[in-house]
Amino acid sequence: MDKAGMTGRKKTFLLITIPIMILFFCFNTLPLIQGVIYSFTNFKGYGSYDWVGLRNYIDLFQDGRVGGSYLFTFKLAVCATIVVNVISLLLALGLNSKIKFKSALRGAYFIPNILGALVVGYIFNYFFTYILPVWGQMIGSKTLGSSMLSNEKLAWIAVVIVCAWQSIAMNTIIYISGLQTVPEDVYEAGSIDGATGWKQFRHLTFPLIFSFFTINMVLCIKNFLMVFDQIMALTKGGPAQSTESISYLIYQNGMGGGQFGFQSANAVVFFVVIVVISGLQLGASSKKEEQL
Amino acid sequence: MKTKVKERVNWPITILLIVGLITVAFPLYMTIVIAFKQPSEMTNSIAGILSLPKSWSIANFAEAMRVTDFWRSLGNSFIITILTVVVSIVIHSLAGYAIGRNKAKSKFYSFVYLYIVSGMFVPFAILMMPLVKQTAMIGLANWVGVIVLYVVFYMPMNVLLYSGYLVNIPMALEEAAYVDGATTWQTYWKIIFPIMKPMHATVAVLTALGTWNDVMTPLVIMSGSGMTTLPLAQMTFQTQFGTNYNLAFASYLLALLPILIFYLVCQKQILNGVVNGAVK
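Chains as they are written, first to last, in my numbering: chain A, 17 to 308; chain B, 125 to 404.
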């Protein structure tokens, strides 16, 4: 391309990019900055406010409720990520093998992913409250005989189950597309060297789809840390605040509870935590990938 | 050469997978059965809850539609989703194009790329409170504001997808168009935009699913505007009529049905779209 063409092209690109950047700045970066500013005030969400410096941050680390919500959210994210990845990897291996009705089965297993988390949460709410206890009583179990959702120690497991039920679909699809990138002759060569079954998976399949494993881990952890809809539909943070996720607490007390400033500080810490975790995960996995 | 033996079907795994489908089907079955029953048919035994209804009555649905103002919220969900998808495809593909074509050789564009993509890690929780203030201040605390916000929220992911896809489209195509006298703008709309069709499908699917099912954004942004989306209608319904489960389940089914039908109709495209998005 000649020089005139190049400058015309450059101009067009800038004319596209700059308005888009401004839009992104206004509705993403600006509120982020505002959030950080609010976190240094005692703003209630209305009326006037004062600067309180680092007060909110100091209080945050001494607040038992905030601590509890972090504990719950991490517990949920770690457990759900493990459950989801184990099951969806198995499911993907199954759905990728020589089976009958392959595309119908894949299609059916993907259904949970298209349904809204809120409504699914309501349906599972009923299941845990009315159906599971009857089964529990039938097998004579005391713990399962009453609703899991009203049990402080068990409610989080119900949340894990619902989160997993929905996410397994997406993660399975990602693993399947990973498995399809593995060429057939790798297995043929492997079987000559005696790699079958678990050995084949451990030394051939898994290393080759490792980057897909990484995608799934990062996606899972990030999504589960931000969990909101399921909490809203299943437990509303109860019983006794045992299932209050960070997002839910920020929404609940920030929007309705007059803790705008305080919860903004919580949100800032939450943001930093997510960035650090995602960064660590990506860093660790890129190192691992280089070794393979 | 030997003719290749036809691959043997692995029946044990097939059967295992079919049995496993219970986990997907059971909640849906439960929803349908309860939605069609009358409260008098609900006894406390499992059989009472899960047996088929004595008569398939649509009374629950009519009543659920009335109390949740179903058609209005369905219409709102439709408008918001469709506009979000259309605007996203136009804006995000343009952004992906401008950024993708330049990020390798320009510091500015590689910064823009990182800037926008890193937005993926900003949780809505931190933006929520300032955004409520901001949208209220500039008169966007309504469905228009919700669309604008969606377009911004999905930008990181979609720009990532588009600029990744662009790597596969050779520059030679654009140069040929330039020789023929087309400007960059014309080249984009006439050549690049049509070529990116598979990516448009992916973006449309992922954005539509996210928008259709989202609760939090409309909840905090539009709550004062008197407009609801389908999930929001379920939420207010839940708090008002929590005790009539048959009615509640009829309304849940009504909320799930549009997306289920849509999925059954375009199942193949949706799965392909998701796979495209996952691999890139």
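Hints are supplied without guarantee of correctness; some may be wrong.
[Stated by the list, open to error] In silico DMTMM-like links for lysine to aspartate or glutamate, alpha-carbon gap of 25 Å or less: (1) A:Lys26 to B:Glu187; (2) A:Lys116 to A:Asp209; (3) A:Lys116 to A:Glu168; (4) A:Lys26 to B:Glu298; (5) A:Lys118 to A:Glu200; (6) A:Lys27 to B:Asp193; (7) B:Lys257 to A:Glu200.
No wet-lab data here; the hints were simulated from the structure.
Remember, predicted model here, so these are calculated numbers, not experimental data.
For each hint, the structure was consulted:
no.	hint	result
1	A:Lys26 to B:Glu187	59 Å, violated
2	A:Lys116 to A:Asp209	29 Å, violated
3	A:Lys116 to A:Glu168	44 Å, violated
4	A:Lys26 to B:Glu298	14 Å, holds
5	A:Lys118 to A:Glu200	18 Å, holds
6	A:Lys27 to B:Asp193	49 Å, violated
7	B:Lys257 to A:Glu200	56 Å, violated
In this structure, the earlier hints numbered 1, 2, 3, 6, 7 are contradicted, and the remaining ones agree with it.
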